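With these hints in hand, go ahead and build the complete structure from the sequences.
Line order of the protein sequences matches chains A and B. First residue of the first sequence: 26, per our numbering; consecutive thereafter. First residue of the second sequence: 26, per our numbering; consecutive thereafter.
Among these hints, one or two may not hold up.
Part of the chain A face toward chain B, derived, beta carbon under 8 Å [what the hints assert, rightly or not]: (1) Leu186; (2) Ala190; (3) Leu322; (4) Phe349; (5) Ala362; (6) Leu409; (7) Ser459; (8) Val466.
No lab work stands behind these hints, which were simulated from the structure alone. Owing to the predicted nature of the structure, the values given are computational and were not obtained by experimental measurement. For glycine and all other residues, C-beta sits at the position ideal for the given N, C-alpha and C.
Protein chains: 2
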Amino acid sequence: MSETEADTPSTPAEEIAAALLRPDADRPAILAGRQHADIATALESLPTEAALPALRALDVHRQAQVFGYLRRKAQARLGAALARDERAAIVGAMSHDERADLYRSLNAKGQEALLGVLAQAERDDLHRLAAWPEGTVGAIMTSDYAFLWPNMTAPEAMEALRRQAVDTETVYTALVASGDYRLLGVVSLRDLLLAGRKTRVEAIMDRDPVTIRADADQEEAARLIRRYDLLVLPVVDEAGRMVGIVTHDDALDVVAEEATEDALRGASVGALDADADVRDTPLTILYRARVGWLVLLVFGSMFSGAGLAAFEDTIAAHMSLLFFLPLLIGSGGNAGAQSATLTVRALATGDVRPADYGRMMAREVAVAVALGLTMAVAIGIAGLLRADASVLAVVAISMTLIVLIGSLLGLTLPFVLERAGLDPATASGPLVTSLCDVTGVLIYFGIATLLLPM
Amino acid sequence: MSETEADTPSTPAEEIAAALLRPDADRPAILAGRQHADIATALESLPTEAALPALRALDVHRQAQVFGYLRRKAQARLGAALARDERAAIVGAMSHDERADLYRSLNAKGQEALLGVLAQAERDDLHRLAAWPEGTVGAIMTSDYAFLWPNMTAPEAMEALRRQAVDTETVYTALVASGDYRLLGVVSLRDLLLAGRKTRVEAIMDRDPVTIRADADQEEAARLIRRYDLLVLPVVDEAGRMVGIVTHDDALDVVAEEATEDALRGASVGALDADADVRDTPLTILYRARVGWLVLLVFGSMFSGAGLAAFEDTIAAHMSLLFFLPLLIGSGGNAGAQSATLTVRALATGDVRPADYGRMMAREVAVAVALGLTMAVAIGIAGLLRADASVLAVVAISMTLIVLIGSLLGLTLPFVLERAGLDPATASGPLVTSLCDVTGVLIYFGIATLLLPM
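Printed below as a string of structure tokens:
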């Protein structure tokens, strides 16, 4: 497929990198008007001695933006090559959540160095943000939100936002606070723009905004942002005091990363770094992410093997049964994977809650019986030339039961995992397939042993 | 699991619905300050005779917002119950993309009625938006964007945005247009707020903004919005003229819906309406979405069955081979599902491009050989008590090969589907498992027939 390399157009980042590598490169001209994300990707691909002068050609605000887009490895590499005061300026200008991400990715020595360049208030802020464990709202929120007092007039509020614009993540939604920093409401810049000159913030703010706690799951934050089309989701503590905001772009990252994570879990691949690119992930890490489940499932499959061995006499007496074995256990596994995936996604999007189990079960029985009967007819047609009527009867009955039980297993497993506090996504692939294999073998040869003459 | 129903807190929508059902309900007071999405969910759960007066208690802008959040079925039900002039006012106040969604969901008679209540310019706009097929950028973009001229000063631009605020999707990012409506750049309200009074829009606008074409894939739009942390992605035609915008909340919907779609495709479930809730989807639709692939895969599995039948003599001579069959074909399928899922997600997020196939292949061989050898050792241990040395040797060699070939199939299949213009996500589940089943049977019994005495 090497010819595809020629017809893939070069990306903006590749253009920037190529331009920066020319001996007479006019770095400010090359970087002017370029997107920060593209500059970051270009710098990642360049050797440090070419990347460093390019980074230095930007003003400190753009440096901080570009630095925030770098992957961790490149942050570490370029960060180490910068002078101490340059590093201090960049870290000082970074948004608070990206600074906390950087801090989390450093070793103890690097963390100490980073704290060393910050003022005391910023240090405390960083400690607070960095203390939240991965997966919580606290780990993705930022503390550089815009805020207003309720008695400001619309022009006063606009002026306040203008002054906060450089140092905050966004001024399009501002938190409105009481004197003790409890969240009173939320106001949008749009509504301020539309308000009369004498209108006060408290008159136009949303007094009952959607909020979340810092210890909540980050998926819940993404769900709320998606449901309510929010730009900003305020984060409050148990006393209702403001502690941060989660923004729309965080939600997009969460949804995309969780989709990847769920897909990998579903395929029984272990956790991979969400920041990592599968093209660069060390092979040993890929190996480790995959081998655990594979070996575990081997021992799981032993039950299927033992099941087969237990029915050795039945098989020896009716070798034509073997012909249908892959079809039957395959169909059970496929039906199970379908139900499990439908359930996992419905739980992930919030369409279905744990309390819906009973209702889902009743619906699944109806669909699965219809599917099983259809499959019994299909396999009956497929097997006409291969087997006699009694074997076909065994196969048709088994198919109906196997598809039914596989579907119910697929529906139930995600609920059980959710209940146990585990990720339901683990259920949707090889795990449910392996379970269906065992039950398929037992049902098929159990029915055959009962119904066929020995 | 019925006890979970008691400890599930009632949602805001359930609170609203319950309050509206009380005989003395003060509707304006109940709905004041409530989120539009929650009101919509509440109205969906109420009978039309209770929902209609509630909807009427809102002003037309809130009515339009709530209407936009309703699912299609509820839109149709409440829309039909409204008087003609009420319907006209709501449709007139809806955002252009949601109006186009509504139009697309109607039958010919409904579409005609909807067009009848609109002015000519709006009708043309609706026709243009509704003509884009599902899955394209055109189908999710909206034409009610804010726009400015390049020679406006910052205060003039702010005043223009204030005037546009009511009728546009967002004023936080405005398109800057030439006299012939070509896109010259993009300017943020933040930068206007920070600009001096005499600064002109052209001096602060981003002259090289990220844009997309209306016929591009909506996933590409979501990828760009995520990569560049955009609020607004401008859509232009082949001459560079503005045709619309895609906003951050559209991107979030696309990523979430595509994740569900990819997960279902991966599990060989056919297309379900992205708008649908799996709890309410008619059972016949669920049945149809699942039965096609299941039956197709049955006929696929016949090759595995035929493979088994072809080796009947080998099996009859060495029944202990059967014990290892589920383990071997299961492991091949699992390894294949792992690689396929890793590849599908990497292609979906854009981390891997079709041109990377060669490099990915080399990496996969290295990982898969290591996995295969590990699995050979695992199955060797698992089988010690079950079989003699010659069968174990066959099993170990087969395991290494089956895991290797399964992994390579899993890696290759998504690339092949992408090349053929199909969705690579189809590869990640039962399809790859079924392929691995067939190759597993052939490899295992092929090697057994070669190496074992008959």
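Structure versus earlier hints - violations, ascending order: 6
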